[in-house]
Amino acid sequence: MSFEKFKDRNVGEDGYYMVDIEDYPETGWGKFKQVASRSLKGELFVGLWVVLREMFKFDIHTVQYPKEKLPIGPRYRAVHKMLRLFESGTERCIGCGLCEKICISDCIRMDTKYDENSRKEVTEYSINLGRCIFCGYCAEVCPELAIVHGGRYENASEQRAHFVEFEDMLTPIDALKAGQQEEFPGFGAIIPGSDKSVKKTPLAY
Amino acid sequence: MDTAYLIETVIKIVILLLVFSALAGFGTYFERKVLAFMQRRLGPMHVGPYSLLQIAADGVKLFTKEDIVPQNVVGPIFKIAPVITAATAFMAAAAIPFMPSFTIFGYEVHPIISDINVGILYILGVMAIGLYGPLLGGMASANKWSLISAARAASVFISYEVVSGLSLLAPIMMVGSLSLIDFNNYQAAGVGSWMIWSQPVAFVLFVIAAFAETGRTPFHLIANDHEIIDGFGTEYSGMRWGLFFIGEYANMFFISFVIALIFLGGFGDGSVGGALALLGKVSFIFFFFLWTRAAWPDVRPDQLMWLCWKVLMPIAVVNIVITGIVMMF
Amino acid sequence: MANEITITIDGKEFQTQEGEFILNAARANDIFIPAICYLTRCSPTLACRICLVEADGKQVYACNAKTKSGMNITTTTENIEKERRAIMEVYDVNHPLQCGVCDQSGECELQNYTLELGVDSQSYTIADVDRSSVDWGHIHYDPGLCIVCERCVTACKDMIGDNSLKTVPRGAGAIDGSFKESMPKDAYAMWNKLNKSVIGLTSGEEMLDCTSCGECAAVCPVGALVDTDYIYTSNAWEHKQVPATCGHCSAGCQISYDTKHTSIDNPEEKIYRVSNEWNYVSLCGAGRYGYDYQNSDVTKDETAFAAALDAFKKADTINFTSTITNEEALILQRLKDKFGYRLVNKDAQDFKTFLRDYSVVSRSSIYGSDLEKVHNTDFVVSVGTALKSDNPNARYAFNNAVQMKGAGLYFHPVADPVVDGMSKNVVSINHAPLQEEAVLYLILDLFANKDLLPKKVVDYLAGFHSEKTVTVTETIKEKVVTQVTKKVVNKETGEEEEVTSDVTKMVPKKVSKEVEVDENRLLEIVGAPAKFEETLLKLLKKKETFSLIVGPDLYTHPSSQNIARLVALIEKYSAFELVMIPTLTNTLGVGLICDLDDEAGEYAVGYNTQGDFVLSGLGDGDLDMPAINQQEGTLTSINKRVNPTNVAVGYGGYVLNDIANALGLKAEYTIDYTEQLPTSRGFKTRKFDDLPNHYTNAGEEVRGYLLGKMPVRMKKDEHVTPIDEDQALDGTLVYLANPVRQFTPFTNKAHQLIAEGGLYMSESALSASELEAGDVVSVKTEAGEVSVKVISDNKIDGEIAYLPTFDANINSEALFGGYRFATASIQKV
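Protein chains in written order, with the working numbering: chain A, 1 to 205; chain B, 1001 to 1329; chain C, 2001 to 2829.
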């Protein structure tokens, strides 16, 4: 990989222009003239006019937050969710530890063990949301589309423990059955049409 | 002394205190709403319909908040400073005629606590004492921001005292009296006789000085939040801070009355219409205080000083000289 | 050694030894040749075939083609690239894609080579068969992940010597015939072999019954073989690797403690496994699984510390064991210099005395060889040591030497099925206890250069020989000519005619002959098997280098002085190179650093051993001390190397250096003593932080430094005394030794190794007696008595039972009067 484009710090003039700022007056007389012109040319009144106009237009942009909420995009990255498999309802997480490894704020940890079905079982999973920067790497790296981002951004709590627990993130089984689990279209999701770009492995069955 | 006069004065003082304390609260509500509307916002919305009871909520909050006196402050001075601010604001109101005289149950009421013959001088003097509030509070707070604020307060008050005094000298020369009643009567003939037409320069200078002395934008440098937190008020909490607050808003109201009385014809001929006109003028001036806050930026302390000593004061002196020359011939 | 030659690899010239494998020559010079199945030091398996290179225009396998002078090697050609890519594709056929859950993920050679060779699509296919995972006890085998490189089999056979693993039929269907045409040749051959086998147990049983070293799991390139305890607990990349030296025996193996936080709730570092550079060092079960013996949850107990200082002020003796670092040994010596303590350490004292007696003859302060050399010798002899439990690495060296076209002799009173099972090229001779001198005389007789050997000894040895006439039956092949008549069709005429021809046959015929033979009575004394001399002659064919391993039985032998001299004579006057096995972890270091005393005084401080006030790294003493995995310091190994070891897990209490500082010595850290180790005893002035601890690509050990040889000032004395043939121990015998995977109470603290000690009896001895495993017996010797459980041990054979030292609850040493064998009466309680 070439670093040349990073080394070229000559950003050029395209798209940049000097803001029209007059020179700052040096002499007392110059300053007086500036004050006089600014006061008498009516610039001050332009400001007054603008705000007064807005007041009478009464074009209010306030969203009254707890009562009204703005819609968020489906790719929004708020508190993580743990998905289940649609068919069997089991947790998708296989405990591979990739999210733990890739996490740049080092806030994911998991404990795994060998369970009685000879599978890798995640016994504990924790995300320190106090440290999480919601970059979405964990969702992107997850090979099972198990950890994704949800839309829950209201995290205020009196206790850290309330921030997130594995059980809170996991889709409840009844919600899954009710068909409420949706695939996350953001980081890590399968790109539409990606099947076409995959070479097929021959099978002997 | 006349007992009736005594009772009347006490009643007037109580009414004045209650009305203007409450007005200070409404002033904040009004300010928040006006600023919000000018910025395409809604402002307070939750306490009562359109948050009309915001003042009650603020009052409850201020009264119930813990009264903190920080460790290294100079205790007595720290405690007395907010009282000075509020007290001087209300003391200045003693010489302001808020309305024309009227008769109630056969008793003639003068809605002025004391029509002293040095009214303007008294108001300017007492307002000048108001300096001690921010100055002492800031110096006693053991806080760097408060100290900077105290220094700024001292310099601004002393400087603009000069401008407000000199700018009023020309109208005083024309009226020949220091009583605000006399000022009002001087302009009673109608809009054409308003002082603003004969002394436009003095009007502008006095309004600028009024902004400086009440510490409003664009001269909000005494407690400039983005530079020095809340200035002298940084270490205050609860009702002590509330007193500073009431003082500031009461001052705004009183200075609005003074401007209306001196330059805008006051209550005119003393009729009901004149009284309402006075309230209208005061309201507009108060609104103007808020309006500028939404529209204009702040100036720097050095610019403010420069403006005072090198621009406004010479203009005021020239204005007096010209007024004198005009009056001579 | 072989000659230095020049070869050319990919256009660059390199120096190497003649006869070195191309792969090793390339690796030593940092040239990358992909290889999966090859294990350095072991014989080439030729399972993966990925190490194909072109040498002088011919395709050869780098792992088994030897270099020749002027050889021109190309590591890749177009055809080789095709072969390699096809091989990797074949390895990926039916290999599960859930790398996420595999323990090997991140350090998997299949992952690495698949990426390295850019395998991004699959061309081959075959129906899979049922390959469910199996639990083999401490090892877990998942055939589904297995690529049958047979590295585990090779390691187990060529290095460890257990021969516990082999390939077994897979039971898969045939490969689609069309692939034979379309596939590269070597890839097809490799697949053909791969498709026929999986790994199974040699014993045919369900569970592994071996010496449990775990080396098979370590060498496994994929996640097929995993330690059962480690499975699915962490990913390779999570571990912090702490380079260290194993603290269990004198081998001083280079290991890496792989640590990470204990759990989400507990951020404390915990050792999850021990990993090693398996190409260059092989671990035993104690080294691999006995890692968590740390003295945990210790805080600075000021009262105990004050009590310790009082005890040191009161004491006149310090008892200690050799499971300490060189630095601690030096601190003890400094304390002795300052306060005149007696330092009492039996095993180091015995070893030190033995070394001194050896020096009198050999004129060398220390034995000349090391285990690295043993690996490369053709003929290796072990005397006076229970090889597999005293020093597993010496056993690996012995086995490796034997397996790589060598041969060996194993002299020990206790029969060892593990040694017997190594190879048919090993002859083990179970002589009677106390007859070690006879064994050494025998070696002198068989191998020493009699022209140089002192005349007295030659004469003495000649006294054992006598002429004897024996009848020998020989098989001679005799020529017999017979006439055969056949009917043959005449091609020209088409008629059948009879043809008679002479047919010559060789027919074996037995002939008896009377022959004068030399009879050696020494063979009889040591109890050599019949026809030993003939067997030996066969074993000695084409053998050029010789190694002798001697062990702790000799140091405590009643006539150890004479034995030491005999050992020195063997080293001096024969081709044998000598290695002595130091009894415990740092016996050699302690022996060199400390001036030891024989007798304890009235009030003793014990360090990891008994005393009136006990400092202990086991956590059972009056003041806690760190265990070796909690310390930094150096350990002196059998290879005469001063190896550094580092802190793997934290320790919160006081260390010996704190006591020394409180008593007036001055050092901020214990490792400040590293550079002060006595140069007069062979140590070097090297700072601890400057000591390296790794292996190079060429397999060169870059660890710490080697002890220097010191001049010997004692008078030369080659006088040796004759054997006392009547010397014998009568009745039931017990031996002082540990089972495999145990050395000291420290190994017994590790969670995977915890065991209860007892009287270990071979299966044959057990069935011959009235005892059963689990019975409590009282073992009584002249010196003392203990009550222990009987434990059946199938890793020994014969009548002699043994008592362990690893179990702190059994004071076995008290039963033995120094020598490791004793007569005992065993009574069922």
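Simulated from the structure, these hints should not be mistaken for laboratory data.
One or more hints might be untrue.
Here are the simulated DMTMM-like pairs of lysine to aspartate or glutamate, each with C-alpha atoms no more than 20 Å apart in a straight line [what the hints assert, rightly or not]:
1) Lys2260(C) <-> Glu121(A)
2) Lys196(A) <-> Asp2595(C)
3) Lys2196(C) <-> Asp2128(C)
4) Lys2260(C) <-> Glu124(A)
5) Lys2260(C) <-> Asp111(A)
6) Lys31(A) <-> Glu1031(B)
7) Lys2346(C) <-> Asp2120(C)
8) Lys199(A) <-> Glu2519(C)
9) Lys101(A) <-> Glu2205(C)
10) Lys69(A) <-> Glu54(A)
11) Lys101(A) <-> Glu2089(C)
12) Lys113(A) <-> Glu2269(C)
13) Lys199(A) <-> Glu2089(C)
14) Lys113(A) <-> Asp2120(C)
15) Lys101(A) <-> Asp2176(C)
16) Lys101(A) <-> Asp2120(C)
17) Lys200(A) <-> Glu2268(C)
18) Lys113(A) <-> Asp2128(C)
19) Lys2260(C) <-> Glu43(A)
20) Lys67(A) <-> Asp1298(B)
21) Lys2240(C) <-> Glu26(A)
22) Lys200(A) <-> Asp2229(C)
23) Lys1310(B) <-> Glu26(A)
24) Lys57(A) <-> Asp1302(B)
25) Lys113(A) <-> Asp2176(C)
Model, not experiment: these values are computed from the prediction.
Each hint tested on the structure:
As the CA atoms of Lys2260(C) and Glu121(A) are separated by approximately 19 Å, the hinted pair is consistent with the 20 Å bound. For the proposed pair Lys196(A) and Asp2595(C), the alpha carbon gap of about 78 Å is over 20 Å, so the pair is violated. Straight-line distance between C-alpha atoms of Lys2196(C) and Asp2128(C) comes to about 12 Å, which keeps the hinted pair within the 20 Å bound. In summary, the hint linking Lys2260(C) to Glu124(A) is supported, as the alpha carbons are separated by about 16 Å, within the 20 Å threshold.
The hinted pair formed by Lys2260(C) and Asp111(A) meets the criterion: a straight-line CA distance of about 11 Å does not exceed 20 Å. Among the hinted pairs, Lys31(A) with Glu1031(B) is inconsistent with the structure: their alpha-carbon atoms are about 33 Å apart, more than 20 Å. A threshold of 20 Å between alpha carbons decides the hint, and for Lys2346(C) with Asp2120(C) the separation of about 63 Å lies outside it, so the pair is violated. Proposed proximity of Lys199(A) and Glu2519(C) is contradicted: the alpha carbons are some 77 Å apart, above 20 Å.
As the CA atoms of Lys101(A) and Glu2205(C) are separated by approximately 40 Å, the hinted pair breaks the 20 Å bound. Taking the CA atoms of Lys69(A) and Glu54(A), the gap is about 24 Å. The hint is violated against a cut of 20 Å. Between the alpha carbons of Lys101(A) and Glu2089(C) the distance comes to roughly 28 Å, so the proposed pair goes past 20 Å and is violated. Of the pairs offered as hints, the one joining Lys113(A) and Glu2269(C) holds, with about 18 Å between alpha carbons and a cut-off of 20 Å not exceeded.
A C-alpha spacing of about 14 Å is found between Lys199(A) and Glu2089(C), which places the hinted pair at or below 20 Å, so the restraint holds. With a C-alpha separation of about 32 Å, the suggested pair Lys113(A) and Asp2120(C) falls outside the 20 Å cut-off, and the hint is violated. In summary, the hint linking Lys101(A) to Asp2176(C) is not supported, as the alpha carbons are separated by about 41 Å, beyond the 20 Å threshold. Distance hint between Lys101(A) and Asp2120(C) is unfulfilled; the C-alpha atoms sit about 24 Å from each other, more than 20 Å.
Taking the CA atoms of Lys200(A) and Glu2268(C), the gap is about 46 Å. The hint is violated against a cut of 20 Å. For the hint linking Lys113(A) to Asp2128(C), the alpha-carbon distance of about 28 Å lies beyond 20 Å, and the restraint is violated. Proximity of Lys2260(C) to Glu43(A) is assessed by CA-CA distance (about 67 Å); at most 20 Å being required, the pair is judged violated. Restraint check for Lys67(A) and Asp1298(B): the C-alpha separation of about 35 Å exceeds 20 Å, so the hint is violated.
The suggested pairing of Lys2240(C) with Glu26(A) is violated, with an alpha-carbon distance near 64 Å, which exceeds 20 Å. The hinted pair formed by Lys200(A) and Asp2229(C) fails the criterion: a straight-line CA distance of about 38 Å is larger than 20 Å. Note on Lys1310(B) and Glu26(A): the hinted pairing holds, with a Cα-Cα distance of about 15 Å set against a maximum of 20 Å. Straight-line distance between C-alpha atoms of Lys57(A) and Asp1302(B) comes to about 37 Å, which puts the hinted pair past the 20 Å bound.
Straight-line distance between C-alpha atoms of Lys113(A) and Asp2176(C) comes to about 39 Å, which puts the hinted pair past the 20 Å bound.
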